[in-house]
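Asker: Each chain, written out:
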Amino acid sequence: MSAASSISAAPEIFTRKASGLVRVMSPYSAFVYNILTMGLIFPWTYLWAPGALPGGNLFWGIILATIIEIPIAFAYVWLSTALPRSGGDYVFQSRVFGGGVAFTVVMSGFVIWILQWVALSGWLLSYLGFAPLFLGLGATMANPGLSALGVWFTQANGIIVVSLANAVVAMLLLVSGFKNYVRIQHLLWWGTLLAFGVMFYILFSTSPAVFVERLNAFAVASGGTADFYATAKAAVETAGVNLNPPFSLMATLLVAPIAWTSLQWATYSAQQNGEIKDARSFTNQTIIMVGSLVATGVLLAFLALGLERVAGSEFMYIAGAGYYALVGEATINGFYLWPNIIAVALAASPLVVTIIGVGYIFNSFQIVCNCYIGMTRVLVAMSLDRLLPEWISHVNERWHTPVNAHIAYFLASVPVILAYNLVPGWVGLTLGVTFGCGYVFVVTCIAGALLPYRAKSLYEASPGAAYNLGGIPMVTIMGSLGGILGTIMVLAFLLNPALGVLGAWNFEAFPTHLWAQIIAFAIVVVSLGIYAGAKSSQLSKGIDVQFAFREIPPE
Amino acid sequence: MFSFLKKALPQSTTRIFFATDLHGSERTFKKFVTAAKFYHVQILIMGGDVLGKLAVPIIRETSGNFRATLHGRVQRLTTAAELAEFQDQVGVLGFYSSIMDEDEFLAVRADPAAVERMFQQLALERLQSWIELAETRLAGTGTMCYITGGNDDYPEVLEALNRPDAQCVFAAEDKVLQVDAQHSLISQGFSTPTPWHTPREVPDAVLGTMLDKLIEQVDDPTHCIFNFHEPPVNSTLDTCPQLDWSTDPPAQITRAGQVVLFGAGSKSVRSAIEKAQPLLSLHGHIHESPGAVRIGRTLCINPGSEYGEGVLRGCILNLSAGRVDSYQLTSG
Chain A
1 MSAASSISAA
11 PEIFTRKASG
21 LVRVMSPYSA
31 FVYNILTMGL
41 IFPWTYLWAP
51 GALPGGNLFW
61 GIILATIIEI
71 PIAFAYVWLS
81 TALPRSGGDY
91 VFQSRVFGGG
101 VAFTVVMSGF
111 VIWILQWVAL
121 SGWLLSYLGF
131 APLFLGLGAT
141 MANPGLSALG
151 VWFTQANGII
161 VVSLANAVVA
171 MLLLVSGFKN
181 YVRIQHLLWW
191 GTLLAFGVMF
201 YILFSTSPAV
211 FVERLNAFAV
221 ASGGTADFYA
231 TAKAAVETAG
241 VNLNPPFSLM
251 ATLLVAPIAW
261 TSLQWATYSA
271 QQNGEIKDAR
281 SFTNQTIIMV
291 GSLVATGVLL
301 AFLALGLERV
311 AGSEFMYIAG
321 AGYYALVGEA
331 TINGFYLWPN
341 IIAVALAASP
351 LVVTIIGVGY
361 IFNSFQIVCN
371 CYIGMTRVLV
381 AMSLDRLLPE
391 WISHVNERWH
401 TPVNAHIAYF
411 LASVPVILAY
421 NLVPGWVGLT
431 LGVTFGCGYV
441 FVVTCIAGAL
451 LPYRAKSLYE
461 ASPGAAYNLG
471 GIPMVTIMGS
481 LGGILGTIMV
491 LAFLLNPALG
501 VLGAWNFEAF
511 PTHLWAQIIA
521 FAIVVVSLGI
531 YAGAKSSQLS
541 KGIDVQFAFR
551 EIPPE
Chain B
1001 MFSFLKKALP
1011 QSTTRIFFAT
1021 DLHGSERTFK
1031 KFVTAAKFYH
1041 VQILIMGGDV
1051 LGKLAVPIIR
1061 ETSGNFRATL
1071 HGRVQRLTTA
1081 AELAEFQDQV
1091 GVLGFYSSIM
1101 DEDEFLAVRA
1111 DPAAVERMFQ
1121 QLALERLQSW
1131 IELAETRLAG
1141 TGTMCYITGG
1151 NDDYPEVLEA
1161 LNRPDAQCVF
1171 AAEDKVLQVD
1181 AQHSLISQGF
1191 STPTPWHTPR
1201 EVPDAVLGTM
1211 LDKLIEQVDD
1221 PTHCIFNFHE
1231 PPVNSTLDTC
1241 PQLDWSTDPP
1251 AQITRAGQVV
1261 LFGAGSKSVR
1271 SAIEKAQPLL
1281 SLHGHIHESP
1291 GAVRIGRTLC
1301 INPGSEYGEG
1311 VLRGCILNLS
1321 AGRVDSYQLT
1331 SG
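Note that the protein sequences, when read in sequence, are chains A and B. Quick note: the first sequence uses this note's numbering, first residue 1, plus one each step. Quick note: the second sequence uses this note's numbering, first residue 1001, plus one each step.
Check before you lean on any hint, since a few could be wrong.
[What the hints assert, rightly or not] Using 25 angstroms as the maximum straight-line C-alpha spacing, the simulated DSS-like pairs for lysine-lysine come out as follows:
no. : chain 1 : residue 1 : chain 2 : residue 2
1   : B       : Lys1213   : B       : Lys1175
2   : B       : Lys1037   : A       : Lys541
3   : B       : Lys1175   : A       : Lys179
4   : B       : Lys1175   : B       : Lys1267
5   : B       : Lys1175   : B       : Lys1275
6   : A       : Lys535    : B       : Lys1037
7   : B       : Lys1267   : B       : Lys1213
8   : A       : Lys456    : B       : Lys1175
9   : A       : Lys277    : A       : Lys179
Treat the hints as calculated values from the structure; they're not laboratory data.
Isolated chain B, as found in the complex:
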């Protein structure tokens, strides 16, 4: 199969795989790394929101057995094999798990700050294990992997990406990176405010300033890839239900009995694309609005996300001389 692809593609073609919003899913990250070989790409780009949202405490009972709740069902785990299988299942879903005694669980549950610390620690451990896995698997393959955070990611945890000894896995945010002889990459993971008040949000105007500063550093925007977590407003890559910010959790706004849909993207991102007209703009953030559209000459992609099902949604792109020759949305 790959020999066919090699024959079909000229030597000057750079083949990229982009995925985003894995939210802690172990299985989809492993797939993301394997995608380099599977899709025969030279560059992997991750678009942000790499950290998980939910932690399952595996509670050690006095009997020595464990209990844990998943999908609303309490599960009893009596053997080491069952425990390992359960932890694996939790990881597939993008959740974290932590083994703790009953007393420890009750203490953490009673203290929101302890919950926060637990999440940060679990997220850091997983991200570090991912970096190690990717470095190991990609070593010697020539494939480079660029990762940025998203609005949901703790800034403290994302620091783990900045490593002086990086060989294949690089922090991409707020930098101009040369991904091949002809094309550069700039990344920005912040978003405009959301009803969830997530860790990395700024007003749209501030985001615009951040993007402008980054774009100013690019020599030739027409040969640049934008990797901005938030999609451009009203691009169809940003369609989602409008939410009531005054409730916790945010509730859908309905009108005449129907959910109101709207474009939740950023004006600044759209403006940046319209002005700079890069060859490609990669986005995530809105899981339910995958697709590909053009804004002027720029191909804009949001592959969507189905991390919870263990499915890696992504996009393969073939680039040459400041052009996207072809692309393909994937569901691996």
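Next comes chain A alone, as it looks inside the complex:
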């Protein structure tokens, strides 16, 4: 057939038949991807906040975090429609600020800090997936062997084995082809959603009157004390925890940074923009990012309501003290009282235990996959920009995937997995990931705010250029607002010890008590050093790495 021209379905446009780019990921898949990345299972808010922030309101703290993330998500919507390419933050920042800033910020805040997330996902899989599954099955089926297996999954050896296996399986799956992952993502999505729905149903349908009785029965079946609730309550009160603190506005505000640990990932699909169909569509990107954020924020907030409804606020402080103040009596056999274990205890049904356990296993596995997917793309982009060795961007001819990047990221995660489970205090860096990734998001928001001025032609060619308020581009308004709010969140982690080790500044016996801050600072310095070294090395070969990002003036 010869080249024919035809009239498009769209009015008043002429198109001719020509080949073109086709993208793989549907907007719906990207929406699902973001929700799973935010992790409906992330439990920190429900134990950390009551333990560290007495008087804080979980529901409103989560809603506040959702509201704070909205302008950030909108800044990403604008950036994604202007630059619908894979690589997300690295691409956005390098386009506006150049390679030095982009490489240093993304390498330190994302690539290195997210290694901790790989370790965390293994911990989640073992501790919140396998352990409750076997503990629950052991309790509901009166099988001590299963209960013992459940306990093994809460111990360092069990978690390390599961974490390494988790990382290896994810690596192999993704190396075998992105399509295989996307296929499994549907299973992970429905499994997670079913588990969350069942948990919701149990928390909202169970009478509060039976809560103590069922929790005690579950504790006994799991090898705990007979009068668990009363024992735990007495121990927590003895430890000096106030079980009925008055409402605190400041504590409620500080719940938001903890909830942000989940909600800050609403924009993670930007890493895959190059694979999303109609990624230039404003509506699509808004649904993908802002829509997934609001959906997840509301679900997490209502989970807090459900927990408080069935267990009461007094119990929330007991469970929080078990986790945050390390009151052993407020744990079941050393197992913290996460929302899923509460639902398992209340249901007392092997089927429900299985559904919730499998759902948590699925979502934990999804998280490690997301770490690999996002970070290997960033590594490949950096390698193609000549800032990392060439072999990292090598794409395997058989599987069409960057095998070396996956192997490199897996090998880098092994020492972090070991440290996470064996080095005392290392787990305190968990919310450091929120800090590290938080400053990446902040810099990207600023890049969004400056996009109309630093990359004028790019911005003007984007669909978002049509939106202004009082003559000021909306992306500038959203980016500035998101940057300010994000900075407040990041500073909260640096300044408040209730939010983790980064906020605990103790200069006594320097530098012993400042190891976390030193690590956070060193990560940035090392990243900057890699950039400077790569730039110098490439220049000797006739390559100026700045050319990878610098826009050519058309005139």
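Given chain A's structure and the hints, the job is docking chain B onto it.
Answerer: Chain B alone, transformed into the frame defined by chain A:
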């Protein structure tokens, strides 16, 4: 910056910039020409698909104002400045624009042959303006620019590249060109059949014959640059979704709910590279599959394309004595 590069590179090094699949984008072509000075290269190579795919009629209304549709939105243009700005915006995206009365628009829309003629005329005008721009900007710089067509380009329009008075901008297709004292260049813009049935497609075996004839004319393939629009099959430079050819437009094939990806490149191109083992093989065609791979000793490059965003994707290459000393994918 450039002084550093000059010091780093030996005198015998030839510095090349390659880009492809601009699809009519005014901004990316201007960037392509400016790239010579910006990246400090001596040779510019364009890998095909230079013509646009979409035309926006700017309709003159009875009131004297204009209306046009872009990104699905109808825009009203009331001043000359707005009109110029809109035409510029359309050009950035790689689209053509044509001012016409309401009656003329309706007549063209009703006649597919008229649409075809309109596209060819607009494409020719733009290509001629590009050639003129490049000749003007590159004059006296010593930079040579070699352009080939791609499968999407009308053969009649590509004829505009063959000019007896060419100084800096040369048609490269189906020729052996000496780009410096040591290296030659051969170009071929045809592709194997696509679901879109574009103007310049041939069966893979025919493409293989065309390539063989061209390669036979090269004295030393190991010092030759291949500039073939279609990438080698299953090279990772050709990965894209598999499409159903029976629908219009072609639809993605899904299996178990997922899009099926495959290598859409040419067996003949791969075979030619494997046999001749040139120092470098430049490709385009599959926008979504940029990268660099080696087939034997040959470095194969597909820089991808983001013409629609006004971004010029390309690759800088430093060559000397039949070797690629270094290369860098760019996003300008």
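Asker: Now tell me if each hint is right for this structure.
Answerer: Here is what the structure says about each hint:
{"no.": "1", "hint": "Lys1213/B / Lys1175/B", "result": "10 angstroms, holds"}
{"no.": "2", "hint": "Lys1037/B / Lys541/A", "result": "19 angstroms, holds"}
{"no.": "3", "hint": "Lys1175/B / Lys179/A", "result": "41 angstroms, violated"}
{"no.": "4", "hint": "Lys1175/B / Lys1267/B", "result": "22 angstroms, holds"}
{"no.": "5", "hint": "Lys1175/B / Lys1275/B", "result": "19 angstroms, holds"}
{"no.": "6", "hint": "Lys535/A / Lys1037/B", "result": "21 angstroms, holds"}
{"no.": "7", "hint": "Lys1267/B / Lys1213/B", "result": "16 angstroms, holds"}
{"no.": "8", "hint": "Lys456/A / Lys1175/B", "result": "40 angstroms, violated"}
{"no.": "9", "hint": "Lys277/A / Lys179/A", "result": "15 angstroms, holds"}
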